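Asks: Numbering (the working numbering), first residue to last: 10 to 405.
Calculated directly from the structure, the hints in this document are not laboratory data. It should be emphasised that the depicted structure is a prediction, and the values quoted were computed from it without experimental measurement. All clues stand as given, with none of them false.
Derived DSSO-like pairs: lysine-lysine, alpha-carbon spacing no greater than 30 Å straight-line:
1. Lys163 <-> Lys188
2. Lys226 <-> Lys172
3. Lys373 <-> Lys355
4. Lys172 <-> Lys261
Label-pair restraints from in silico Cβ distances:
5. Gln210 <-> Gln187: 18 to 24 Å
6. Lys374 <-> Leu223: 37 to 43 Å
7. Leu111 <-> Asp214: 54 to 60 Å
8. Tyr289 <-> Leu111: 31 to 37 Å
9. Glu162 <-> His211: 20 to 26 Å
10. Leu112 <-> Arg182: 40 to 46 Å
11. Asp312 <-> Leu112: 37 to 43 Å
12. Ala106 <-> Val38: 24 to 30 Å
13. Leu28 <-> Leu223: 47 to 53 Å
Note that the Cβ used here is the ideal one computed from N, Cα and C, for glycine as well.
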Amino acid sequence: VLGLVGLAALWKRDRTALLHSGGGFLFGVLFVLTANIDPRPTAYDAATLERFYQLPNFFFLLWIGAGLGAAEGWLEGIRPALSPPIRSAHAALLLLALPATLLAVNYGKANLRGNLLYPRFMTNIFDSLPQNAVFFVWTDTVGMGADYLTDIEKRRPDVAVIKVGILGAEPYRSTVRQKYPHLRWPDLAPDVPFSLGQFVQHNIDRYRIFVDGLPMKLSFPVIRYGLIYEVRPQGSVPRVAEVLDLNEELWKRFDLRQVNTSLYPANSMCYSIVVFYYLYHRFTMASECNYFGRYADALRHLDACEKMDPRGYVARSAPWQRQMAIAHIGLNQLDQALAHLELARKEAPSEAETYRLLSLACRKKGDQAKADYYLDEYEIRRRAEQQEPRKERKTP
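Construct the complete structure from the given sequences, taking the supplied hints into account.
Replies: This is how it looks when you write it as structure tokens:
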């Protein structure tokens, strides 16, 4: 209401200010609407939207300020008619009116009491680590917030937690060396960037090393370890069954099966963490089970995604439907596979992989005519996908 009052006040008193603030507000709204077009936002979209919302909010606050000014002028006009106690306190009442209104309207929505999503997320990851582990974290916007790391380090003092993003800067670089003197640090000049590969080479024989995201350049083998990754020694080639069994155990002990994502809007930090770390990693785990022929395990993980994601941002998307179909084909449950593939085709009719799987399922079912038809459709869309990057490169 104050914003609308301020808008009317600017219309009467200062249309130049109204033009500038209105242009900024509409520009910010355009950004938000553009980012919200995607019905299934990724974790990056969710984190980015938080920044986009600040632009229209800033200009709307200017209108609220103008509205407060108009209200103050109105109170000045009626001040002589007010009783002395109210007259002396009207400025303080006006100053407190806005925060009191915002508190009354928004406290119920913003109250995080009982919202243990982020702490549980951090606790689960740290509890899954073995004794005396080394854990490199990126402290990303959709990763581990540094404020939570400060508390969680007290829970696991045996774990060496190293923030990669600021490791090349002083004083953190010297501080972390002093904090963990038992680690073998590469002898680098102050102006030489930190090398994760050299650190691993110096310490992999004594400590188990983990990262919360896959590094861009690392010559050591890396395996999935629940929600994070473990760096393995050179020449280490663990068996597929060993890695999958390890992750099955980790998922049973440390995932958030009871998270209700409907409590968190898609543009919130909490939701971006759920999507990126829990749904995405669990969906990838299901894909890996399918790839290595563990179809029953894949179905279990895909079903878990659906229960954790009632809005269907990850579950029930075209890739999720295709993975469900692959698992059902592997178990020779062809009717269920075809049902999921039809849903995938409706969700994303131009994606070629759906038609290849439709052809495979129809051929296994004995319908060769449909199998040939879908195979032709697959080839048409595959060629279109191959040509698409060329069109983009020609665009000035």
